[in-house]
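Chemist: Those protein sequences? They're chains X and P, same order as listed. According to my numbering, the residues represented by the first sequence are 1 to 439, in order. According to my numbering, the residues represented by the second sequence are 1001 to 1250, in order.
Calculated directly from the structure, the hints in this document are not laboratory data. Treat the numbers as computed from the prediction; the structure is a model and nothing was measured. Take the hints with a grain of salt, since some may be wrong.
[As the list claims (entries may be wrong)] Here are the computed distance ranges between Cβ atoms for each label pair:
no. : chain 1 : residue 1 : chain 2 : residue 2 : range
1   : P       : Gly-1175  : X       : Glu-419   : 36 to 44 Å
2   : X       : Asp-333   : P       : Tyr-1139  : 39 to 47 Å
3   : P       : Arg-1118  : X       : Glu-415   : 17 to 25 Å
4   : X       : Tyr-191   : P       : Glu-1071  : 56 to 64 Å
5   : P       : Glu-1071  : X       : Gly-205   : 34 to 42 Å
6   : X       : Glu-176   : P       : Glu-1071  : 45 to 53 Å
7   : P       : Glu-1136  : X       : Thr-45    : 50 to 58 Å
8   : P       : Gly-1148  : X       : Glu-415   : 34 to 42 Å
9   : P       : Tyr-1139  : X       : Ser-22    : 54 to 62 Å
[As the list claims (entries may be wrong)] Footprint (simulated), chain X over chain P, 3 or more residues, beta carbon under 8 Å:
no. : segment
10  : 1049 to 1062
11  : 1086 to 1099
12  : 1105 to 1113
Ideal Cβ placement from N, Cα and C applies to all residues, glycine included.
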Amino acid sequence: MTDIIDHYVDQYIADSARTSASLPDWLCAQKESAISQFKESGFPTLKDEDWRYTSLKSVVSKFFEVKVDETSGSADLSEFLISELDSYRMVFIDGRFSQQHSNLPDAVTGGDITALGSMTTAEFEHAPQALTQDQTTKHGFSALNVAFSSDGYVIQVADNTKLDKPVEILFVSLSENTAALPRNVIQMGNYSQAELIERHVSKNGLSALNNSTCQVDIAEGGKLDYYLVETMSNSATQVTSLNAELAKDSTFSCRTLTLGGGLVRNNLTVSLNQPGAHCDMLGLYSIAGKQHVDNHTNVIHAAPHCTSNELYKGVLDQRSRAVFHGRIKVEQDAQKTDAVQSNNNLLLSANAEIDTKPQLEIYADDVKCAHGATVGQIDETSLFYLRSRGIDETDARSLLTFAFVNDVMEQVEVEALRESLSTELAARLIDENVSLSVS
Amino acid sequence: MLSIKNLHASIDGKRILNGINLEVGTGEVHAIMGPNGSGKSTLASVLAGRDNYEVTEGNVIYKDQDLLEMEPEIRAREGVFLAFQYPVEIPGVTNMYLLKAAINAVKKHQGQDELDAREFLKLIKEKAAMVEMKQEFLYRSVNEGFSGGEKKRNEILQMALLEPYLSILDETDSGLDIDALKIVAKGVNLIRSEQRSMVLVTHYQRLLDYIVPDYVHVLAGGKIIRSGGKELALELEEKGYGWIDELAAA
Ligand SMILES: Nc1ncnc2c1ncn2[C@@H]1O[C@H](COP(=O)(O)OP(=O)(O)OP(=O)(O)O)[C@@H](O)[C@H]1O
Ligand SMILES: [Mg+2]
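Isolated chain X, as found in the complex (with noise of 0.2 Å):
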């Protein structure tokens, strides 16, 4: 452990060097501490009982490189664009922004859209207090993420305005061996709106780390469409820890949507800390092969009157594995809070696996809250129902896991998003039936 924690230590000494001069006192600082609680922590290990079903000796036992240059130009991603999707699109390779790939106008209405590894003195001095005010649930990956922040989004949304289109930024790994480290934050305002696709994809094969932290702070009234889409090749390792922050009736739409990755880990907290305060988390995992998927979810209610709804649905086929574990806490000051929380899973096979745990800590009395789990096999009846009228085994069978999974996908409201997802959550689903009737 020592040896891959000095392996990245190095490389941050040797970053800071280079960089800590044109940075801001509060960055440098952030960064110190989170660079001393990567050097006690380390990662974490199976004896965390946060990380007891997701072993990280893949992590652990490579030494990826941070990428600090600039990214060349010249590689060509038209394989990881939706072509329909009209979008402001930010492009970062191996975490790195590629100004030359991203499609940004000079100027967004309302929308102040920037790279945190090229702002500049005047824009530190304008920079979101989700960003000054570091706020990220500390485990040893965030740690690491806050102490490089080499790059990563920044996106203010102002008060009384609604973005006119998505914001997409897309998180493309390319190189063999490399750790990217996207430290991303989005600030929105009062009664502000914004609908916000982030994406990971890697190159085919490629074995990669994409660490990434994003801190959302939402003022009163505001509402956040976010998607997190995990597409990555099932070679890359993928960790992401979430933080949002909701004021008065404020509105976070978390949806997080996982095709891709050999080892993904989603860390999401939200915490409800005004009335009327409401998220939705949704979340769609569709892995086969070795893919190992762990979801992680809390849900913070610290004040009264607010409403979580967090649906979760997974497909698990051949030998791939799953962790859910969705904790829902409700303050002693969070009276009429509303909280329903569900995870249900699909086996496609008797190899796959899924834990699925709900974690509730109720301590106000006057409160709603439901929860429960399923873990279920393809209904044989409705299988043969489908086959009475024709319909062969193989599309009877993509056809009800596509149902499965219908209610997730229909809320996916960003059309071309949800085209491009059913897609290759087709193209996977066949894969795997053609891999599987070959072996």
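Dock chain P with the ligands against the given chain X, drawing on the hints supplied.
Modeler: Leaving out everything else, chain P with the ligands in the frame of chain X:
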């Protein structure tokens, strides 16, 4: 059309069909009656290809082919249709999608051109009107939240669309009010023809008032214990199932 010889079937080792013999000629309508639990639905399921039943003896020939050797989807494409006693709800799959996938699977198999979206829409609207089904039902998930009668009507819609050669209707009349019953009968009579055969499983004479069968069979204890013309149904209605027990004992 269909020839069933000495068919025995069991489930989980429990014997349910004990030597069924039945010949259904082309263009004929056969009614099968019999007490609860006598094996009527089991027979229907075995014919449609449900694989949790084990056929232990006997054989079934459909249009000169060994029916029992065929996968359920192949049977459907070859023109066998089962209207389920308890149609299945499939949340997340729209009726429209199922209907289109079904008709095109059949067409493709029979070497005909598949329907494009427009042709299909035209056809399905026509058929829906025929069974007096509101179009909103087409866009809902298959049978989800449908009333008992609506589910049965949906089965008839599928039948009307697919125009099967052999239709097996398992108690499609049960639980229907008189108007719905007439609609179902209308659907059946519309596709009734010299090329098509039907097997109607029913408990009630009232269906047979609208769809007059050529033959009536009584199934009890997994066997056909009596066959006759349409008057057998009337006799049964009059004398009740107690009469059957006597027949079975004899
Ligand atoms: N999965 C099963 N396991 C055990 N027994 C079964 C199973 N399925 C059906 N049976 C039994 O097989 C027998 C025949 O059932 P079937 O559904 O064919 O009767 P039916 O004639 O259609 O009755 P009904 O008029 O009530 O519809 C019944 O006794 C039933 O309990
Ligand atoms: Mg029955």
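Chemist: Which of the listed hints are broken here?
Modeler: No numbers; nothing is violated.
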